[in-house]
Amino acid sequence: VQLQASGGGLVQTGGYLRMSCAASGSVSSVYVMGWYRQAPGNERDLVAVISSGGVTQYLESVKGRFTISRDSAKRTVYLQMNSLKPEDTAIYYCNLHELYPDVNNYWGKGTLVTVSS
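Under this note's numbering, think of the first position of the sequence shown as 1, with each following residue one higher.
You may find that some hints are simply not true.
If you anchor each label on the Cβ, the simulated ranges turn out as follows [unchecked claim]:
hint : residue 1 : residue 2 : range
1    : Gly64     : Pro101    : 17 to 27 Å
2    : Tyr100    : Gln57     : 37 to 47 Å
3    : Gly41     : Trp107    : 13 to 23 Å
4    : Trp107    : Arg65     : 18 to 28 Å
5    : Ser83     : Gly25     : 33 to 43 Å
6    : Ser51     : Lys85     : 25 to 35 Å
7    : Gly25     : Lys85     : 30 to 40 Å
8    : Ser117    : Ser29     : 38 to 48 Å
9    : Ser116    : Arg44     : 20 to 30 Å
10   : Arg44     : Pro86     : 33 to 43 Å
The hints are simulated quantities; they were obtained by calculation from the structure and are not laboratory data.
C-beta atoms are modelled at their ideal positions from N, C-alpha and C, and glycine is treated no differently.
Whole structure, please, built from the sequences with the hints as guidance.
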């Protein structure tokens, strides 16, 4: 499986961006897919993920501003990011964690999001 991310870029404070991540190849029936981010000097944090069952989880600081969604048929997840803040600046990584029947963990190439003040 390969993950192809798109979107990201430079935006002003209060602006919005939409990112997508598409998985190529066959994906296990039970999985969690979504986005992590890493700012310079920080650890990689979970931003938003969605399970094959539609359950979502968000980083506390993005709740109410970011929305994750998916198109199962296209094996694609989307991250709508609104009301962006400078502290959202980071490299965002798409992740696919397969749980059943196969157990695998895949990362996409990072996408830079820069929010200017």
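Hints and how they fare:
{"no.": "1", "hint": "Gly64 <-> Pro101: 17 to 27 Å", "verdict": "violated, 36 Å"}
{"no.": "2", "hint": "Tyr100 <-> Gln57: 37 to 47 Å", "verdict": "violated, 18 Å"}
{"no.": "3", "hint": "Gly41 <-> Trp107: 13 to 23 Å", "verdict": "holds, 20 Å"}
{"no.": "4", "hint": "Trp107 <-> Arg65: 18 to 28 Å", "verdict": "holds, 24 Å"}
{"no.": "5", "hint": "Ser83 <-> Gly25: 33 to 43 Å", "verdict": "holds, 35 Å"}
{"no.": "6", "hint": "Ser51 <-> Lys85: 25 to 35 Å", "verdict": "holds, 27 Å"}
{"no.": "7", "hint": "Gly25 <-> Lys85: 30 to 40 Å", "verdict": "holds, 35 Å"}
{"no.": "8", "hint": "Ser117 <-> Ser29: 38 to 48 Å", "verdict": "holds, 44 Å"}
{"no.": "9", "hint": "Ser116 <-> Arg44: 20 to 30 Å", "verdict": "holds, 23 Å"}
{"no.": "10", "hint": "Arg44 <-> Pro86: 33 to 43 Å", "verdict": "violated, 19 Å"}
In summary, the structure is inconsistent with hints 1, 2, 10 from the numbered list given earlier, while agreeing with the others.
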